[in-house]
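Based on the sequences and whatever the hints tell you, model everything.
One line per chain: the protein sequences are A and B, in this order.
Each residue of the first sequence is one higher than the last, beginning at 1 in UniProt numbering.
Each residue of the second sequence is one higher than the last, beginning at 1 in UniProt numbering.
Hints are computed from structural coordinates only; laboratory data are not their basis.
Heads up, some of the hints might be wrong.
Same chains, same label: a pair holds when it works inside one copy or across any pair of copies.
Okay, derived cross-link-like pairs now, DSSO-like style, lysine-lysine, Cα gap no bigger than 27 angstroms in a straight line [claimed, not checked]:
| hint | residue 1 | residue 2 |
| --- | --- | --- |
| 1 | K260 | K186 |
| 2 | K37 | K143 |
| 3 | K208 | K143 |
| 4 | K15 | K237 |
These numbers come from a predicted model, not from an experiment.
Number of protein chains: 2
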Amino acid sequence: MQLVKDIGEQGLLAKLQLFCDAEIVGDDGAILALQPKHQLVVTTDVLVDQIHFCDRTTTAFDVGWRAAAANLSDLAAMGASPLGITVGLALPGEVTIAWVEELYQGLFECLQQFNTPIVGGDLCRSSVTTVSITALGEVTPDKIIRRSNAQVGDAVVITGYHGLSRAGLELLLNPTLGKNLDRQEKEFLIQAHQKPQPRLDVISKLQKIDCSSIEIAGMDSSDGLADAIVQICRSSKVGAIIEANTILLQPSLFKLVDSKQVWEWILYGGEDFELVLCLPFQFAQALINQLNTGAAIIGQITAEEQVVLTDSNKSNFSQVLTLAKGFQHF
Amino acid sequence: MQLVKDIGEQGLLAKLQLFCDAEIVGDDGAILALQPKHQLVVTTDVLVDQIHFCDRTTTAFDVGWRAAAANLSDLAAMGASPLGITVGLALPGEVTIAWVEELYQGLFECLQQFNTPIVGGDLCRSSVTTVSITALGEVTPDKIIRRSNAQVGDAVVITGYHGLSRAGLELLLNPTLGKNLDRQEKEFLIQAHQKPQPRLDVISKLQKIDCSSIEIAGMDSSDGLADAIVQICRSSKVGAIIEANTILLQPSLFKLVDSKQVWEWILYGGEDFELVLCLPFQFAQALINQLNTGAAIIGQITAEEQVVLTDSNKSNFSQVLTLAKGFQHF
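Quick look at the structure:
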């Protein structure tokens, strides 16, 4: 296997430029044109080997796909359309060329769905593989989705199922867990983990429901559904009541673990990359009508500054959701 | 000393947000407005502990300053004005909080000279400290400086002295080398290494010489003066004759090492972050008049595709400049 140190920086650059936009790359910086009246949206993510991915659960292709998906998801969470990404890559010399090419193939294929180019990057040596992505998008000021826009009375919408990515990860780590699932069910959950889809389609669908008169609050659920709702409420200085009953559940999850664990995954599992949006009920319903199964109105924004999960099927069930169980990076 | 692992991601984020633009940071992405008719310029750099910096020669403040300077220099090399930077930081839990705060202080102070905010970032755990910067700038299409714009007959301009950064580094690594320098001379060279200035001032000065009718070629000399000239000539499919006589020399360099070594530093030392520009002679002269000592016309673009260094004081002296001696990252 050919290694990075065998062909050096220039050799590797020549191979990686095939994945990049030749029109844009090749100077000290890349040039991108925004549409008139659009503003720039920027988001950045750093992924480190053994922390965010490892060979046991993630191929190089998947690392690339997931890195692109996570950043595009952040753009979607702002209401923006993607313009391009930059890739900063720090690599040990012992990494194979094939690994790096597969990483770029994963980035490229995820981006290609949205006609989004790789517009630049940097390549350097390190003792640990580190992938830094900055994604650039554009949005008109009236369509910006902000965490702080939630209004008392807004509906809380999720754009799809939760807990699937975490279930897929557990299946990869512990295949015997899936003994009650058929091949298709397993594949579905593993795909949810390995090839998540950023919900840029939701942004186009928002255009269709003519909601230009309202401000939409939102973020993505990459750090978990509970985290997203709590973050939005904190930023907006409001609370929410979430009705557990209205959250649609993937039946296959209950063939893996017990109900308590399923709810852990749904609320705190993370990496589902759905959007959590707050907007008036009539618009929320119009949006749901455009989306697939899994999308739902799951609750309402309240004036009292806490996020409460209730279940109308169980009297006395009430749980306050917090950030505490969310993923801690240190 | 308090460590990163003692206060965790949220604790550290709270401290670092003091250095960031509160108006802009806090959502999944940052929003930035470009001026009408401007295009976006993006450039990215990854710096790794023990590869690009080490505690022996670089304080955390200097790492931050140099990282900001290098990225702003890339914007200047494109003819752009800065809009903001993002900072992706991967850190071992054992790094001190003080180190991280000093890093941000360095970034902040360098950026502040140009009213440029930190608009976002990411923070994660790693086994090696890694700093990924993406800088964003704006430029009108007619003012973009490209490597590929050089025309036969253009003057080759440098905006200041070369070799100083490398001299400063050598002084730090080997202080006895400076036995013939006074304190001020030493300080000057060490500052050139530790606190280089991105030449964004040159971009404003170009506006003053009314050169909107011409296309300017250029890049920065961060990888060495020879590298910059060769890269421009390759991209533009031209060559150049550089007259060694016209390159201004800092006298203190000759008190450190012999003349051969001084020329190595000037041509291949790198990290001087000056601009190398190619433009018609009358504009080149008008620009030089605006700049300080060190700036000079050092040669001319030729049709023959090689870069030749000559010295009119020495008959038969002629050397072909190549990338070969440039810094190799693997």
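How the hints compare with the structure:
{"no.": "1", "hint": "K260 / K186", "result": "within (20 angstroms within a copy, 67 angstroms between copies)"}
{"no.": "2", "hint": "K37 / K143", "result": "both (12 angstroms within a copy, 21 angstroms between copies)"}
{"no.": "3", "hint": "K208 / K143", "result": "within (13 angstroms within a copy, 39 angstroms between copies)"}
{"no.": "4", "hint": "K15 / K237", "result": "between (49 angstroms within a copy, 22 angstroms between copies)"}
The structure shown violates none of the earlier numbered hints.
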